[in-house]
Structure formats: C-alpha cells, structure tokens
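*Asks:* Now for the letters of each chain:
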Amino acid sequence: MRAMYFGGDYNPEQWSPETWKEDAELMQWAGVNLATVGVFSWSNLEPRPGQYEFGWLDTVLDLLADHGIGVDLATPTASPPPWFSLKHPEALTVTAAGTRLTHGSRDTYCVCSPAYREAAARICSALADRYAEHPALTMWHVHNEYGTMCYCDQAAAAFRGWLRYRYGDLDALNVAWTTSFWSQRYSDWAEVMPPRATQYLVNPAQFVDYRRFWSDELLAAFQEQQAILRTATPDVPVTTNFVFGNWVPVDHHRWADAVDLVAIDNYPSGTGLEPEEQTAFAADQARGWARRGEWLLMEQASSAISDGKRLATKEPGRMSRMSLSHVARGSRGALFFQWRASAGGSEQFHAAMVPHAGQESRRFLEVCELGGLLGRLDEITGSEVEAEVAVLWDNVAWWAMQGTHLPSSELDYLEAVRSAHRQFWRAGVGVDVVHPSADLTPYRLVVVPSLYLIDPAHAAVLREYVAAGGHVLITYFSGIVDPNCRVFLGGYPGAFRELLGIRVEEFYPVAETELADAGKARWWSELLGPEGAEVVDVYAGGPLAGSPAITRNSFGGGEAWYVSTQLEDAGYQRLVETICRRAGVELPNLPDGVEMVRRRQDGTTWTFLLNHGAAEAAIEIDGHDLVSKGPIEGVLTLKSGDQAVVERSS
Amino acid sequence: MRAMYFGGDYNPEQWSPETWKEDAELMQWAGVNLATVGVFSWSNLEPRPGQYEFGWLDTVLDLLADHGIGVDLATPTASPPPWFSLKHPEALTVTAAGTRLTHGSRDTYCVCSPAYREAAARICSALADRYAEHPALTMWHVHNEYGTMCYCDQAAAAFRGWLRYRYGDLDALNVAWTTSFWSQRYSDWAEVMPPRATQYLVNPAQFVDYRRFWSDELLAAFQEQQAILRTATPDVPVTTNFVFGNWVPVDHHRWADAVDLVAIDNYPSGTGLEPEEQTAFAADQARGWARRGEWLLMEQASSAISDGKRLATKEPGRMSRMSLSHVARGSRGALFFQWRASAGGSEQFHAAMVPHAGQESRRFLEVCELGGLLGRLDEITGSEVEAEVAVLWDNVAWWAMQGTHLPSSELDYLEAVRSAHRQFWRAGVGVDVVHPSADLTPYRLVVVPSLYLIDPAHAAVLREYVAAGGHVLITYFSGIVDPNCRVFLGGYPGAFRELLGIRVEEFYPVAETELADAGKARWWSELLGPEGAEVVDVYAGGPLAGSPAITRNSFGGGEAWYVSTQLEDAGYQRLVETICRRAGVELPNLPDGVEMVRRRQDGTTWTFLLNHGAAEAAIEIDGHDLVSKGPIEGVLTLKSGDQAVVERSS
Amino acid sequence: MRAMYFGGDYNPEQWSPETWKEDAELMQWAGVNLATVGVFSWSNLEPRPGQYEFGWLDTVLDLLADHGIGVDLATPTASPPPWFSLKHPEALTVTAAGTRLTHGSRDTYCVCSPAYREAAARICSALADRYAEHPALTMWHVHNEYGTMCYCDQAAAAFRGWLRYRYGDLDALNVAWTTSFWSQRYSDWAEVMPPRATQYLVNPAQFVDYRRFWSDELLAAFQEQQAILRTATPDVPVTTNFVFGNWVPVDHHRWADAVDLVAIDNYPSGTGLEPEEQTAFAADQARGWARRGEWLLMEQASSAISDGKRLATKEPGRMSRMSLSHVARGSRGALFFQWRASAGGSEQFHAAMVPHAGQESRRFLEVCELGGLLGRLDEITGSEVEAEVAVLWDNVAWWAMQGTHLPSSELDYLEAVRSAHRQFWRAGVGVDVVHPSADLTPYRLVVVPSLYLIDPAHAAVLREYVAAGGHVLITYFSGIVDPNCRVFLGGYPGAFRELLGIRVEEFYPVAETELADAGKARWWSELLGPEGAEVVDVYAGGPLAGSPAITRNSFGGGEAWYVSTQLEDAGYQRLVETICRRAGVELPNLPDGVEMVRRRQDGTTWTFLLNHGAAEAAIEIDGHDLVSKGPIEGVLTLKSGDQAVVERSS
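Note that the protein sequences, when read in sequence, are chains A, B and C.
full-length UniProt numbering numbers the first residue of the first sequence as 1 and each following residue consecutively.
full-length UniProt numbering numbers the first residue of the second sequence as 1 and each following residue consecutively.
full-length UniProt numbering numbers the first residue of the third sequence as 1 and each following residue consecutively.
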C-alpha cells in the first residue's frame, strides 16, 4: 500500500459489538484506511496476570480487515493494569519530591523497573504471536507518547549505570558536572542521585544528564519491544508517537534513528494564526527528525484545542487546513485521536472524528470530506519538500535552557526558535528544522536562535559552512556553554566569537528595549563589542544606548549575522527578509494570511495554499487543483478558510 | 422554649473563672439565650487518655443556667488532643500526595480510623452521661463543620467497603467508572484506591464517588454520636453545623434527613452587596435542605469577613441586616462565632461579640441592639417563607463540575447558580434553592443552572412538571452526564433535549461573547440547533454569529427556556423578568438596594425590608414595624443601612 | 593591619594551579587584600571520610601570602560532601511537608543531627590545626549564611529540649501557646511537634518559637566551631556572614553578641533607586547589630542583581557607589562573591570581580578603580556614623507578622520599616536601625513602624524615653501582641495606648484609603478614638471618613505620634519632615537623587556624597575629596553617577 493514511485511534473496548459494526461501516464511508487499536488495552487484554482475553480484539481486527481498514496495532504498555501496580508497588512512579503516585490515571510506572520491563515484554510478545499474520496488520505502534519520568531508587540505580558508561570513571564525572562547586565532589558511584528535591538550585549538568539518561532508558525500552515485533514480522514497520512538551525527556533526534517511521502527536494551542504556525513548526521539526524524509501525523484533534484556559473549538475548515499543513510538510497522512468520542473517562471531552452528537454532525461531515481529499493526494507521497533555509533545534539545548539559574526567567528557547521560524513561515519561505549536527550544505541560510548549549564540533561545522559561502543568522545567548553546561570563557558567545567577529562582555536582561532601526525588542540585551564585524543596528535607549545590537561579519565566502536581543515580529520580519535577499533565498509574494508550501518530484510540483485569512485571496499560479479538482489558469482565488493543492508538471 | 435563638460559640476554657462571671452577666445584658459550649474542648475535658476534667464545665453550665442562658452542648470530636495523635499516628490525616499531617491546627484526624471513632464515642458518652439532666442543656452540637478528607490506607479500605455495597460486584464498578479507558479495569477489590496523586487526569467517576463515600462515612460518624445522645436525652435535638465550600465532601441534602435541625455556618466574603447576596443564597439553600422548614444560623462573624486578601470589617448596621436576612429566610435565630475574642491562638483576629476592645465598644453595642430586636421576633418562628420560584442545586453535580478534564477551566457551577439566584434576589422575588429530587409542584418557575450531572429520574420529574404547565429555565452545560459521569450521547443536553426541543452539536468555550438582544455573556457558547424550539436570541459575533443562543419550547402545558451561555447581569436580569411575567411570578417594585422577603402564617404576614443602598428609600406598605416599634401607614421610609419587619394581619 | 578590606570569595578548587598564579597577580593589581577561601570546599578537603587533601589549599594560601593578600579562612560546613549524606541519610533536611531533601545543591543537612555536628567539628578542628600559624590567616569565616531549617525527628527532639529549658514545665508552655484553643493542650513533652504541615492555620506562638529555637540551635552550632578556632588562634577574629530574607530563622540581634565582627551578605534587588535604598537600610541594620560599631560587608555582587524575574546588570559606577554606601555606614570594606566567575555549577551566572569575559573588561576595570579608592579610605575606619534618629527593627516581630492568620495578607513588616527608613534616607537624615531593647538616649527621634509583637519591658523603655523629652513616631498595627503572640486586651495598641493617648476599637483593612492632609495610604486603617491625644489628620473617605487617622500626644517632656495606616511616600515624607523639625533633627538641603552620610572622629568629619540621580548636582561643602583627590571650596559638583568623600578637620 502506497497511500495517504487517514484514520485515528480506535478504542473498541469502550463500546459494544453492535457499535463495532457501525464503526467499521462509518469508517469505510469516511475513507478511513488506518486505525490505531489497543493503545490503552492492557487491562482488557490481560485482566489478570497471565490470563489473556484476545477474543474481542480478534473480532475487531477481523471486522476492520473485512472493511479494508488497516490496523496500526499498539502494544498497551503505556498503562499497566491495576493488578500490576498492586503486585509491584515499587514500579509506581515517584516524583522528584518523593511522592509515590497511585494508579488511577495513565502512565503510572517507572520504566527502570525490571518488573515493568518484563511484564511489558510479555504482553508485547503475546500480541506479536497472535497477530503477526493478521491481514489487517499494517504497522506496529509501540507504547504511547514516551515521556514519563521517575526519581525512584530503581531509576537512581539505572542512572548510575548510564553515567558509568558515559564517563568511565568518577573523576570524569566530577569534571563534567563541575562538582568542585558547592562541595558536590563524588567519591563513590553510590553517592550519585537523580536531581530530586533539594535545598536550592540544582546542578545544571546533573539536570541535563538526567534527561539524557532518561531519553536513552526509554529508547532501550522501546527497542526491546521493537526487537520482539521485528522478529515476529520483519516487514511491518515499527513506530511510536513522539509527543511535544518541555516536560518530555526524549531526544527525538536520536530516537529518529531507531523508529521505522517518525510519527508525532500534534496538539497546537490557541486561537487565530497561532495554532497554524505551531503546526508548521511541529511538522518542519518532524521532517528534520525524519532526515528530510516522510513521517506521519499520528494524532491530532478533530476540533477543540486548548488555549490554556479552555478548549478552542476549530471553526469549519480549520481541521482540514491543519491536516493539509502536515501533509504538505511530509506527513504520510492525517490521523486523529480518536475515532469515537468516549462517553466516560478522563478524556470524555476530547474531540473525536465521531463526536458525542454522532455522525449527523457538521464535524463528521468535515471528516468525511477530508477523507475524500486525502484519497486524491496519494501520488504526493515520496516527493521532496522544498526548503532553502534551515533553523537549528536541539532538545538537549532546550533542557539546558530550563535551568532556574539562568540570568533571566524570561529566556524561552522554544519561543526564540518559533519566532525565528515564524518570520519565514509568514514570508512563505520553506524551512527545515534540523539538529546542529545536520548536513548544512543544502541550505542557502542557516538560523541559530538562542542555541545556549552547543558541541564545539557542531560549532566548527557551522564555521566551515559559512567559510564555504553559507549565510548564518545567530541570535542572543547562543554558544554560551558546552555539552557539560560549562561556559566557554573569554567573552560570549564563546563558541561563535570568531565566526561572528564580536565579543560580548556582559548580559543586560531587560523587560523590553528598542533598536534604532529594528524597533522594539524583549527580554534581553548584551554589551557587545565588534571584533571585525560591521555594526548593522544599535540600541536606541537604556544603559546600552548607542551600543551595537545587530552585527554582520564577512567570514570566508559567507556572512554571519548576530542579533543580541529578542526582536519583536515587525522588525524581525524586515531583518529576515534583508538576510534572505543577501543569501539568495527566494521570497514569494503572498497575500496576507495565506500559507504556502511546495513539494516536488520528478519534474512535478505540488503547491499547497492555505488561506487562513479572513479575506478572499488571489494567488498567481497555473496547474490543476487537487482540492477543487479543476484547472487553475493564471490566478487561483481562495475564499477565506479555503485551500488548494496545485499540481504542475514541467 | 419557642424563641429566636441569640448567642454564639463560647469558649470558657480560654478564660479565668472571674471572666466567666462577667461573661454570664454580659450575655444576660445582651439578650443572649443560647451559648454553644465545648466545640474544641477535648484536650481540656480529657487531658490524658481516660482522665476527665469536667469540673470547669460544670461550673460554666451552672453559671449559664443561673443566668437563664441555654446551652448548645458540643461534642469536641473535631479535634482530638495531642495525646491521641501521639498514641495513634495512623489516625492522622494523609493528603492525596501522601503527606501525613501533624497536629498543631484543628481537624487532624481521619474519620475512617477505628481508634478515632472509638475515642470519639467515649468522649461523647461521657458528656451525655454527665450532662443529660443539666437544666442548661438545650441542644446537642455534634462535632464541628464536618468536612475533613483523608487518603490514608484506612480510608482506602473503607472506600472499598462502600463501593462493594454500592456496586455489588466489580463488573458494575468497571462499567460505572468506564475503566475501559486508560487500562483501569479492576480485577480485584484490593486494587481500587482513593483518587490519590497520580500521573495525569483522575478518573472523573472515581473522583465523584470518593466524595459521595466521604459524605456517607462522615454521616455514619455523626450518627454514631447522635445515637448515643438520643439514648441519653430523647427529647433534646441533635444537630451539627454545615459548612460551605467546594472542598467540603458533604452532601447536605442527604444529611438534612439525619439532623434534627439543619444548622449552617455562614461566612460570606467581599464588600458592597456581594456578601448580602451570598447570605441570601446560603439561607435559601439552608431552607431547601430543611425541606422549606426552619433551620438555624449556627455561626456568623460579628464583623470582619474575608474578601480573599483581607478582612473586610462590617460597617455599622450591616451585622444586624445580615442577621435579619437569615431570620427572614427561616433561621430560628442568629448565632455567632464567638462570644469573646481570643487573646491567643490561630483565630485571635476572628471577629467576636465582645471584641478585644471589650464591652465598651461600638461592636458590642450593636450586638446588644440586635439581641433586643430578635427578642421581639419570637412570634415569627414557624411561619412560612414565600417563594414562587425554585432554583435547583446539587452538591454532587458540583463535585462533578470540579473535574479538571472539562472543556473550560472557567466553568463555575457555584457562580452559575448564584448568578441565577442573584437575578431574583435583586428583583425581590422569593426563591427556594432545592435539590433536583424536590417536589416542584409548589412553584410557578423552576431554574436549572448548569446542572452538568443529573439522574435521568430527576430529569423525568422536570419533564412532567413542565408538561403539567410549569415553566423552566435551563442554562448551558446542563444535563450532560449521568450520575456515573457518562455523557448522554446523541447531542447535548442529552437529559433535556426533548423537553427543550433543541440539539447542541459542539461546545464553543470562549472568554466572552455577545447576544443580539441579551448583550454580553461569558465563558461559554454552544452550536445549537432547534428541534421544535423557537429561537429567542442569537449570537451577535464570533464563530457562532447568527446561530441560536436562547430558545423557548412549548412542552405540554408549560414552557422550557434554554440559555446556552453565561449571561452578564444586565441581560440576565431582563430575561429573568420576561420569564417571570410569562410564568405569572409576581415582580415587586422595589427601590435600588432594598431587599425584601415575606413570611406568612395564619393570615399574618411579615415583610422584611433591608436597605443596603446608600440612599434613603421609600416603600409603599402598611402595618406595624417590629424594628422601630411604630405603625407604618402607606409609606415606610428607610434610611441607608436601616431595616424594618412590617407585620400585618389580614 | 588597620585597613579597609577589599576582595571577595575565592574558590581555587574550581581552577587550575596556572590560574591560581594569575589570580594572585590580578588580585594584587586590583588592590585586593582579603580573600575568603574554602567556603564550600569540604568535599575537596575531605573527599572521603577522614581522608584529607590539604595540599592544594596549602599552595593557594602560600601564594596569597606571598602576594600580600590576607585570607578569611572558611570552615566548609555549609555543605557536607555526598559521602556524608549517603552515610547519614538521617541528617538530610526534611521539609515541613515531610519531604527528605537529597544532596545535589547546597546546605542539605539538619543542624540538629549529632552526626552532622560531629563531622563539622572534625573538619573545623583539622583546618584550625593546619592553618593556625599560616601568615595569610586574617579572619575565620565559620560556615556560610546560616539559615537552613528542618522539621525532622531530630529537630523535633531538639525543639522539645529547648522548650523545656525556656518554659520549665508544660503548664507554662500551654499558657504561652494558648493551647486551650483548638484542643491543643499538651499532657506530655513527647506530644509537642515542630510546626509541620497540618490541616489548617498553625498555632502562631508555636510558629514563632520554632524560629526562636532554630536561631539558638544554629548559634550553638556556630559557637561550637568558634570555640575550636579560638582555642587554636586566640587573636584571630571569628565571624560568619549574616544573610537577609524572611525565610532566615536567625535573630541577628542576639547573634551579634557572639560573633567577633558582624558581617553581612547584601544582595539588594531591583532597578533605579530601589537597590540603593535597600543597601542603606541593610547597612544601617548591620550597624545596629554591631551596636553602632564597625562591621563588614562580606558579600555583594559586582554586577547583576535580581529584580525577581531577571538579573539587572549594574550600570557603570553603581558598583562603586553601592560599595561606598556600605563603607559610609560603617563597613570595614567591600567584599564580593566572588573573585572569578565559575565556568560551571549552579551559580555560573553570578556576577564576579573577574567576569567570564576575563580581565579585559569594563567590569574588572571598575573593580580595580574601587580597590584604589578604598586604599585611600583607611583612616576612616573606627570613626562614628552620625545618626539622630533610630528606627526599631526586630526579627522576632517579623516572624510573628508572617502568620497567615492576620487580618490582612497585605501587611508587610519589612516594607513598613523600609518605607519609614526611606523617608529619612531621602531627606539625608542619618538613621540607626536598632533593636527594641536598644539604648534610646542618643536619639532625638525614635520610629516604631508596625511593631506588632513587643515585650512590655521594651514598651516601658520607650515610655520612659518620651517622658524624658524624647520624640516617637509609632505606626499602625504596633504593640498588638506580647512575645507569646497574645493580644494586649482592652483596646489596641495595647502596649502603647497610654503613651499615645489613643484607643483603637477595630481594624479596617483596606486596599487603599485617603487622608485629608497626608493624602493616599494603603493596606490598613483603624477606628481610632483619642484619649488625650490631639488629632492631626483624619480619614477623607470610606467607612472611616472624618475619623482620626494621625494623632500626637504630649507625654511627659516629649511627644508621641501615631499613624494608623501605611502612608504613601509623598505624604509620609511631609509628615516625617514635620516631626523632624519638632524633634530638632537636622534636615540637610540636598539635590534630588543625592545621598549623604556623615562620619566623624576626633574633630574630623567625612561626608559621603553619592549622586544616584540622572543630573549633575551641586552641593555646598568645603574640604578635601578623597575620591577626586582634590580640594573642594564652597561647592562640590558631582556628575550623574559620581561620588565624593569630603574630609574636613575642625
């Protein structure tokens, strides 16, 4: 099967067999071709230790197969049954403050617990044995949204093992963690602890290493199941769904090497353009993890998205545009959580493809329309997404930026990167979001927003990239510490001073400031002296008035820009356009509120155009629109909320 | 004795015997006829296990009896002495996060602890034995403000016992709690836990059941003491003081069947009209629990009431008006916490009848005046409070609305009900606040604000009420889930769709919105389609512009209104007046800021008029004013802050 | 050596021996003459139990001695090494909620742990033995910033011991703590607990006593080390660095008797004039603790100071002015944390004398200039700081004001005292901040801001002071409770009614209010009746409109003023100037933004003038400026940010 996936999580255990039949028919009607089954079914599959109940799942899988619907079969290991917790209280999660959590929600286990790992392998094997040959089996979905952390003694022991492997001996650990500060020098491995609740500021290197360890430990758990499943079904891809959030101790860049298909759950928040922009960023990240290849949107909401206080219901059309935004950026389809809205339970108000109101609803109608549209986009799979610009992103640097000891509590790595990405998104310029270790040669411009922590080897790659003619834009508080969270001494930004031709003596965190040319800025300013760079803009007020704020340095065949503060959008936008022009990045001319992404393969291009704006928009383009199924000659007119996928062969 | 009670909590253990004598004389002077003694006296009555010291209490009770003051004698079980906690650490409260609390405040015990229950029964028996025949004994006051929750292992065991009784077998529990979601299916009773700290969202049915269980467990503890006291003194009423607050796991409606007299502690907060309105609502609730009969204001503050940040001192007159507001609504009197302000301890700044400044104070003067006034209102006891409107209120529905998984964190059941009640209060229309199971036949109009959880049987009663000619006003997010917190499927509001003639497809939580006619609204809107109902008002902007917002449905002989958002006061007031007119509810014509309540018995009416406003007010009325002790002919003139009780016999 | 100290914390264990040499030379260059070494070196000095590594410290101390730099040698007991925590888990801090903290930060020990006390004495003795004769040894620095609290069982046992000593028997404790309230009466010492997490409001007397106990317990720990060090080096002063903060359970007034030199760490926060004002207050407090003698600024930041959200970098000149502000008020010098900015660890972004940018930096240049200036101020040491006004401050009263049971959550003792101090600071009037037990005879005016808790003996001293002709200004919520937190009955402010000639019946906490003459006020108002006092100002609105707000009472030969609310600065300033004039306190005429402090000795005066303002300022004065090294004849002109120390001999 080489097709766009359409469907979502399906939880038949919540419904009667009569509903199963109705579901299969409705799915078929809506164009669903992939259902994720079994994600939280452990207590229904193994209601007592070692006692399995597969009958209901057999029936459901047969029914789906009969209706031509593939199954992304999940191992249910994200939530052990209550009997497991009662039998193994030592496997329950412990918080940093020492509270042992109780079951009654989901994900209440410690992945470092041997009892948990054994039980997980058993249920995984049982599923593999039973369904390896099932005709519906399309994909394996291991676990769900890996990310649960724990601070228990079993986790502490595993952490020590990981540290021994990483550092070899305690002396190396003591150096890496700067334990000479605050009398933290270790004399025995047994003394090393997770960053549990402590008196005052935590050791920043210990904090980051605990997340690195946790990412590796979760990955090991994933790979144990993957090995079982691969043995049973060598040809069925095995994946898991990545989840976003600053609490997630998963280095997705490393994980992407392990999964057969990068898959993400994307729940953007807010109203207006904000969730659209978040979606573009998430999708560009996913493609970066997939090394510019294909990936899959495993979960999204059919409607309500949280804006912090309340669920913001998606207006008509938004669900389709958001789905297309993912597909445009390389997703192999659009899946949802979940098929049918739960009557009870903690997520009973989570949006679904079939809402509480049932199939006779505006929501289900739009689902069906989307299913139809995706069916017409199969040929796009495998094509390349155009991008001349790369924005660097590193989960590990993010963890380092979560330290509470930094000069300002306002520093926000995610927003620093998103705001950089936003300027290109608004300008209609395709962007890859990639890891600092990525191959940069395909790009005309590389953007490095607030990359606080960086490996000197990656800084060297960036230097070579510019020397060879590349363009780079680096923003404030970048290149400050090495992977052990130790400052590069002699003047900031230590890792990039030579490349940028500048030296920063002191940080001046501020609520807001202003630049002579680029206008308003926030959070941060720096006392900066050029050492070869040209001053492009200066601070217009405050203690740094007249002092350099933005610089440009010729380095080898390329140019390196530095912005020492968090620009507001208006000035940021202008600056980015200036840099694009100097770097030869194409700037399309788009109406306000219209998003554009272009894909290409073998002489054919597909241009995705999404009108998020309130007004009708006209775009100059020729080709065939796969949405309206009609030809476009010269000008495409998109009503507010509408979309097009214009195919053109050269 | 058939009289208005006047007095309050009296804590002689904090004072010297010389002060006791002064107290008895001052009480007599002020008109006090009931003192609540012994509420927190356990460590003074039983300073060591089994070693009693009753001497001081004998003296105090004799002294009060000698001065003609009755005693509401309390069992001191709300706070075990320190020796008890040291001997029974397992009886100390444990929080949901597992912290075992220490004594050093009050209420630090778990009601599920057998050791606690035994000790409580012992001290209760000792008091009953000693004072059964005491001439001062007027009433028994069991415990104090029942409401302390606990999550310890003893509580868990008791919870399991309660669940076994409620559900019979685990299969029924699994269905009721929707444990098919998130792998929560139980295979053994031992696996079931209180909703302790867990990883993520708690199971909503478990959350509500834990409060139901807790209410029943506290009630059992109350009834154990009540049985002891009834045996000792069959003719002395036994009560306890209900306390308000979203943290209180007590279903007052059920409890009201058990107590001999409904009694409440009422501590409204804020400044201006807000505390007056809260008082009216609390008093109307109390009367509802008392099945429209008499009840008792057991505690209020003589002065300062918290507005969250600070104590707001009651201006001259407010204490009296607030006391009268309770009496007007059925209270058998006005009692205070406490008689004499404590010199030390955690509530040393709590207002008192005799403040720190002593009897030579404005505050004590007003107390004496109030005592005099209440003495003239004895004949009112037993009369009926007029009310043509019922507002439904259900503590269990409130608990269900406290779920953190709901579509908006702004949904506030208490405010939804209070704001409905407020419109009638402002219009001078008498309201009963009653349980959904109440007999609705006495009312011309029934209001159902945001009744998220409802028993289908109660929904049926409402349907019959309207079919028989009644009028009903139901507001947004009502009739959504059944008592197991499971959604009524097929379109909201499942329990009321037929009655209302509408179907809601989706919720649109919002910060604010606007209606074409009713004006501004908050928190919520709904995508609503009429199925027989007439559209009365529509949304005026946003994604639902033009879509129905308020509807009216003819159903049998009556009418059912629906409002799909939280109206602001101005529009809400107009709507309520419109509905009142259609329902034949009398709308009196009152000056701004004047509150009115009417009582009647055997051809006599008493009209309570309280002028909370800043201006003098004139009200057309005839009769005899029990406050000013003069005749009213045609027009009563009330100065700002003044009050009247106009008696008129037909 | 009789000199101004200049230098700071030096942590050589973080650096290589090559850097040590560079450090010694740079220190010499900068004029450093005192380095605090070893503060957190325990795990480097004793990496395994009983196994010492002194070699590196020998080298460093020799090097410093060779460069003429004295050493303030610290005992490293503020942070035990990880091996200690592993060996003695019972010595780890436990929070009030029962969480046992883990090492990984600093200060993770309970001072009540015998194992900790023994280990601390051992390392202290080892240091004393080794370095008693070292030529660099100038001062002993015991521990660091004493202040860590704990609620473990060992702390509970020690608390009981302290209570037995304080109260003798349980009856006395029961009276002092008002345990008759809420059934808290103790029948056995074993029942008494620290104020751990409890159900509701904590007993206020227990809360305050726990802090008193903790202060004494920490002091005992300090004195154990002091005794060891004094035995080894009878002539070397022993001190420790006091730290500010409402969390610090240290009664500095009592401690000041024990240390050989009062030393403070001062980290003011904010921007503009606020940190300058905080500095003046902190320095005046330090001098009060030093009984008007000399003291030492042990730590300050060379630059960034937190404003809550972010570090506010000190503009050029501010570091010098702030240093001089301390010296002007009696500090024996200006020391910093720390010499060289750490590359790693939790305080890697803490400001330092040598920043990350290195010695080629604006910051280090200003450090060198300051070193030069301090070198010219040696002769000032030992001179008296002029002050005609005393402001009372009591740490114990502060703890009592932290109760959550007070009538307003806005009451803020620190701000009440600071705002009083601020009015004099702005007016250029010298102020001593002293304890209520201080000798008041040297002062023309004594200010008593919101002194909620007071010993009646101290109130008597104040009465005698006024009777003998003194002037006093007392502000709202003063004299309310005795040292056991029991209210003085009969009318507020019980301890001062006679002196003030007033009686307060009730408190009226408010958000804001207004006075007829003094203008706007905040937080608080009082229903006040004069009993002999003259009404100076009245409330201009609200429920107390027309009622007295400010009064003045003639008492013996003096005058006693009362202000019943928290005045805003403008009105407060005018009132303070009026009172100064009546009390004969000199009011200098200073330009806006210029701070002045005067010192004198043997006929010589030194006038410190700091221009914090944005404009150039001219001040009439004659003498010799030690900053500019030139004569001043008639008028001193100070540019914005500049400073002068004008010496004049009579």
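FYI, nobody ran anything at the bench for these hints, they're computed from the structure.
A hint or two may mislead.
A few chain B residues that face chain C, going by a derived Cβ cut-off under 10 Å, partial list only [claimed, not checked]:
1. 93
2. 103
3. 348
4. 483
Even for Gly, the Cβ is constructed at its ideal location relative to N, Cα and C.
*Asks:* Compare the structure with each hint and give your call.
*Replies:* To see whether the hints hold, each was checked on the structure:
1. 93: holds, 6 Å
2. 103: Where the cut-off is 10 Å and the nearest Cβ of chain C is about 7 Å from residue 103(B), the hint holds.
3. 348: holds, 6 Å
4. 483: violated, 30 Å
Consistency with the previously given hints fails for number 4 only.
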